[in-house]
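*Asks:* If you want the building blocks of each chain, they are given just below.
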Amino acid sequence: MGEVLIKNGVVYDPLNGVKGEKKDICIRDGKVVADVKNPKVIDAEGRVVMPGGVDIHSHIAGGKVNSGRLFRPEDGRKGVEAKTKVCRMQSGYSVPNTFATGYRYARMGYTFVMEAAMPPLAARHTHEELVDIPILDNAALPLLDNNWMTMEYVNSGDMDLLAAYMAWMIKATKGFGVKIVNPGGTEMWGWGKNCSLNDTVPTFDVTPAEIMKGLAEANEKFDMPHSIHVHTNMLGHPGNFEITKETYDLVKDIKPAKDRQVMHTTHTQFHSYGGTNWGDFESKADVIADYINQNDHATIDIGSIILGDTTTMTADGPMEYSLYQLTGRKWTNHDVELETGSGITPFLYSGKSPVNTIQWAIGQELALLVKDPWKLALTTDHPNAGPFIGYPIIISMLMSKKRRDESAEDMHKVIYDRAIYPSIDREYSLYEIAIITRGMAAKALGLHEHGKGHLGVGADGDVAIYDMSPEETDAGKIQKAFLNTKYTIKGGQIVVKDGEVVATPAGKTYFVTPECDDKLTDEMVVKLKDKFDRYYSVTYNNYAVQDAYVPNPYEIKAPWRS
Amino acid sequence: MVEVTDVVCSLCGCVCDDIVVEVEDNKVTKVKRGACSVGKSKLMGHNRIKSPAIRVNGELKDCSYDEAIKKAAEILAASRRPLLYGWSSTVCEADKVGVELAEEIGAVIDNTASVCHGPSVLAIQDVGLPSCTLGEVKNRADLIIYWGANPAEAHANHMKRYSYVSKGFWTEEGKKAKKLVIVDVRATKTSRMADVFLQIEQGKDYLVFSALRAMLYGHEDVVPDEVGGVSKTDLLETAEMMKAAKFGATFFGMGVTHTGARHNNIVNAIQMTRAAHTHTKFSITPMRGHYNVAGINQVCTWETGFPFAIDLTRGYAWYNPGELSATDLLIRQECDAALVIASDPGAHFPGESIKHLAKIPVIQIDPFPNPTTEFADVVFPVAVSGVEAEGNVYRMDNIPIRLRKLIDSEYPEDEEILKRILDEVRAIKEKEGN
Chain A
1 MGEVLIKNGV VYDPLNGVKG EKKDICIRDG KVVADVKNPK VIDAEGRVVM
51 PGGVDIHSHI AGGKVNSGRL FRPEDGRKGV EAKTKVCRMQ SGYSVPNTFA
101 TGYRYARMGY TFVMEAAMPP LAARHTHEEL VDIPILDNAA LPLLDNNWMT
151 MEYVNSGDMD LLAAYMAWMI KATKGFGVKI VNPGGTEMWG WGKNCSLNDT
201 VPTFDVTPAE IMKGLAEANE KFDMPHSIHV HTNMLGHPGN FEITKETYDL
251 VKDIKPAKDR QVMHTTHTQF HSYGGTNWGD FESKADVIAD YINQNDHATI
301 DIGSIILGDT TTMTADGPME YSLYQLTGRK WTNHDVELET GSGITPFLYS
351 GKSPVNTIQW AIGQELALLV KDPWKLALTT DHPNAGPFIG YPIIISMLMS
401 KKRRDESAED MHKVIYDRAI YPSIDREYSL YEIAIITRGM AAKALGLHEH
451 GKGHLGVGAD GDVAIYDMSP EETDAGKIQK AFLNTKYTIK GGQIVVKDGE
501 VVATPAGKTY FVTPECDDKL TDEMVVKLKD KFDRYYSVTY NNYAVQDAYV
551 PNPYEIKAPW RS
Chain B
1 MVEVTDVVCS LCGCVCDDIV VEVEDNKVTK VKRGACSVGK SKLMGHNRIK
51 SPAIRVNGEL KDCSYDEAIK KAAEILAASR RPLLYGWSST VCEADKVGVE
101 LAEEIGAVID NTASVCHGPS VLAIQDVGLP SCTLGEVKNR ADLIIYWGAN
151 PAEAHANHMK RYSYVSKGFW TEEGKKAKKL VIVDVRATKT SRMADVFLQI
201 EQGKDYLVFS ALRAMLYGHE DVVPDEVGGV SKTDLLETAE MMKAAKFGAT
251 FFGMGVTHTG ARHNNIVNAI QMTRAAHTHT KFSITPMRGH YNVAGINQVC
301 TWETGFPFAI DLTRGYAWYN PGELSATDLL IRQECDAALV IASDPGAHFP
351 GESIKHLAKI PVIQIDPFPN PTTEFADVVF PVAVSGVEAE GNVYRMDNIP
401 IRLRKLIDSE YPEDEEILKR ILDEVRAIKE KEGN
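Here the protein sequences come in this chain order: A and B.
With this note's numbering applied, the first sequence has no gaps in its numbers, which climb one by one up to 562 at the end.
With this note's numbering applied, the second sequence has no gaps in its numbers, which climb one by one up to 434 at the end.
For the record, the hints were derived by calculation from the structure and aren't laboratory data.
Zero decoy hints are in this set.
EDC-like cross-link-like pairs, simulated, lysine to aspartate or glutamate; straight-line CA separation at most 20 Å:
hint, chain 1, residue 1, chain 2, residue 2
1, B, Lys178, B, Asp195
2, A, Lys352, A, Asp280
3, B, Lys405, A, Asp547
4, B, Lys160, A, Asp533
5, A, Lys83, B, Asp423
6, B, Lys167, A, Asp533
7, A, Lys213, A, Glu246
8, A, Lys31, A, Glu3
9, A, Lys529, B, Asp6
10, A, Lys78, B, Asp126
11, A, Lys85, B, Glu432
12, A, Lys531, B, Asp6
13, A, Lys193, B, Asp142
14, A, Lys85, B, Glu424
15, A, Lys557, A, Asp518
Since the model is a prediction, treat every value here as computed from it, not as a measurement.
Take these sequences, add in the hints, and give me the full structure.
*Replies:* Structure below.
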């Protein structure tokens, strides 16, 4: 594949402690190396250079994303762009088509995206779409918390068998780790109901708290690269911050298998709400940030709001139903037998709405109040709090107090009474931005050990060169630079030049193989097969994702820790 | 003789995947269990198109695949308004190449949904679709409603595997503990099984949905004594059954999508489901016909942003059913060439559309001869997906399942033919300098 030399760049590579140093980056055969002999030279001319971006949580592929596209042709129309000699056709804003998803992320300098929720029974669908997303390396997290098998093992206390089930499912779905979404609540949604953290799920006689604790223990029985990835109960409900705190406490005493968190909680903005109803709704970002500051076992991503229209979608079926009842807009629901569910409804975040204003403030407050950026990743829970294409807006906000003050003036005045936002002076440095958009995400996913999120020797040759000087303070220029790179290099190949996509290599799909003892697996499979014989609508032998669905595999083995 | 289990049926939207067959000497010799009679017939095989052919002086003349591919590519490359239609009885891998071909030549790509559940898609785009997987119905539903559908004859395994007759976790007693409501304009094999059969007047579905919806919202006072040929008493009984159900599931078919108010029927059916949801858990699911019509909608949606009736002339996707659906294009005599794959417009389109189709060059890709073959100008026989070729399909509830290959075929797969046509079109365009 040849050699590339990026010279005269100012490099921000947090995983290697490189804080804006003038430094050459050498790439050979797609990997970062110490030196090169006969390279293609890219002169960065003093611009900002970072490792390729890593998104820890985004809904880009699979059943509910496509249901979102299907029922929102009005969104599809927003992003249309004709095919070019290099690129296929594009459509969509909050629910872009697969091609646009790859191009737009790459133009922002991202080279890895985690699909955040894969219903196991529909895993083939997720993979079919991931294959069709150009450029990006990817992975997907299977939903494992509302599964009858999980709840039955949690109920009986068979933690080893739970681990065997978890391992089997991650292998069967070609998944990356354990995703949890409204544990227990989505099962109860099968009957049109919901539950909170310590409620008992009927029939299965377990609480969401027990489910999460059980899955965290099971996860740490293997050398899993990632911790459990949690969307806890009562998302979007006023006063839910107490539940969020209690969720963190559940796993405080569990030792992680690797040097990382025991729990990653996602789109934490939606879980940091005070008040008792929408009338006295207020920010509790400070309380959540304090907890994260004082404890080391949990990390978060922010799920920051982008104002405007978007398409909300989650496996949290009851939450989407509540949202649809609030707005009266169209609503799709898709419950998945024995496993999970999903709901989708469009939503408009308006700066004129007091509730939306506080939500908008909370996401940024979390980023500004959590002191250690290694505990936090930048997300919009795409497309739930807004489309990923809005990341550069958030980056410019975090880097500029001036821009935040100006923006606050355009929001509902409630921002001055019930949010902490106006009082925060902190401004992010480019080094900190590099942490929350690549270094931290790679580390929390364990992908730094597999060449992602950094530029040390041996790392993947994934590089973003932003068209800005390290001294830039103009928020508008910062936003512009982060929207379209000068260059994005993926595996040593230039894929974006001057903001235009110039090559579209296929991405790799990363999946984890937890290695479980055969005897345990055999015992578990007896119970699992019974589920297929009696309750599933597909057979056991037709369930697992075949190799054909992952044409560019990257396998990570996770041995059992005894 | 080899016994093959977990065979997946490539006939209807049920996509039954627990079929057991016997294979001997590269032939399916017996379908031992799992399949309905139609599915069995497909698995066992029947008459096939024997050879690729090109029509010369009104007669189809056998030719080589190379010749047929050259001819097909010439037709498509020269066309100013090509239509690529069908796609529902093949696998997603082929559908993806179809979208790429459409993009390359600036075609309109449409699928059988436009003459089937296209109105359902329009309704979903208006109000969404509260639904669930078929296994969810099997395990939970104690009330099943089929509306404008006759599964006993059209989706023969549907009730047995997924709904009224099946037994699941909370439905161990099967149909004994369930209620079945059938709404149709005539008595059918299915309606004979019903606890309640509402025989409504042709074209009055919209009114009946409205009446039930009003009752579910507590406004029965506005409902007249008779609606669409059904008495208020019977409607009230049905509404009460819906409210009392622990989990209700409605399935609807062509009887609703293509009569009277068409897509507005489905909007109202979904609104009725939303109304029922204020009392209990309720879901609604279209009875998709072809085994992968849901799949071509999925592929078109993730690749173009839109599910059917997509015009790629501009280089990007332009979606406007009613203008760009295959039948409309043909009635306006707009297209000057067509590729038809895995479907039979010759048998199912309105006369005016077929008339134009018969006039223009038509390329057909199909394992089986059908009325479209009668006027096709280039014909490609292909392997039967699910018997001779594997690939991904989406069941009517959008669950993806991989078809299995049971025997080898002397014919190439759909995907291969399409790729070769695409390559040849690109070669022609390159030669022409565009």
